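FYI, in the numbering used here the residues of the sequence shown are 108 to 169.
If you are wondering where the hints come from, they were derived from the structure by calculation, not from laboratory data. Quick caveat: nothing in here was measured; it's all calculated off a predicted structure. Built from N, CA and C at the ideal position, the CB exists for glycine as well. Among the hints, erroneous ones may be present.
Across the chosen pairs, the derived CB separations fall in these ranges [to be verified]:
hint	residue 1	residue 2	range
1	Ala126	Gly169	29 to 35 Å
2	Asp160	Ala135	27 to 33 Å
3	Phe112	Asp160	26 to 32 Å
4	Pro134	Asn156	27 to 33 Å
5	Gly169	Gly125	32 to 38 Å
6	Asp108	Gly150	15 to 21 Å
7	Ile168	Glu130	27 to 33 Å
8	Ile168	Gly125	19 to 25 Å
9	Gly150	Leu124	15 to 21 Å
10	Ser114	Leu159	25 to 31 Å
11	Gly169	Leu124	33 to 39 Å
Computed cross-link-like contacts, DMTMM-like style, restricted to lysine to aspartate or glutamate with a CA-CA straight-line distance of at most 25 Å [stated by the list, open to error]:
hint	residue 1	residue 2
12	Lys167	Glu115
13	Lys167	Glu148
14	Lys145	Glu128
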Amino acid sequence: DQYMFGSEYLVAPILSLGAREREVYLPAGRWESLEDKKVYEGGRTVAANAPLDVMPVFRKIG
């Protein structure tokens with residue numbers, strides 16, 4: 108259910124009613140959360156913060 112928007116952005120919609128976070132698989136590389144600017148190393152699954160008004164979106168760095 109997560110998807111790439113172009114080659115730079117990874118979008119992870121919230122599909123569970125009432126969810127406050129969700130697991131997101133980040134492909135290899137470095138990724139920045141657009142919500143909190145936290146940087147993650149890819150190639151693994153992370154828990155993304157997902158308050159009611161935010162959809163997790165990550166931008167590939169470099």
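Going down the list of hints, with the structure as the test:
no. : hint                        : verdict
1   : Ala126 / Gly169: 29 to 35 Å : 30 Å, holds
2   : Asp160 / Ala135: 27 to 33 Å : 30 Å, holds
3   : Phe112 / Asp160: 26 to 32 Å : 19 Å, violated
4   : Pro134 / Asn156: 27 to 33 Å : 20 Å, violated
5   : Gly169 / Gly125: 32 to 38 Å : 35 Å, holds
6   : Asp108 / Gly150: 15 to 21 Å : 20 Å, holds
7   : Ile168 / Glu130: 27 to 33 Å : 21 Å, violated
8   : Ile168 / Gly125: 19 to 25 Å : 31 Å, violated
9   : Gly150 / Leu124: 15 to 21 Å : 30 Å, violated
10  : Ser114 / Leu159: 25 to 31 Å : 29 Å, holds
11  : Gly169 / Leu124: 33 to 39 Å : 36 Å, holds
12  : Lys167 / Glu115             : 5 Å, holds
13  : Lys167 / Glu148             : 10 Å, holds
14  : Lys145 / Glu128             : 15 Å, holds
Of the numbered hints stated above, those contradicted by the structure are hints 3, 4, 7, 8 and 9, listed in ascending order.
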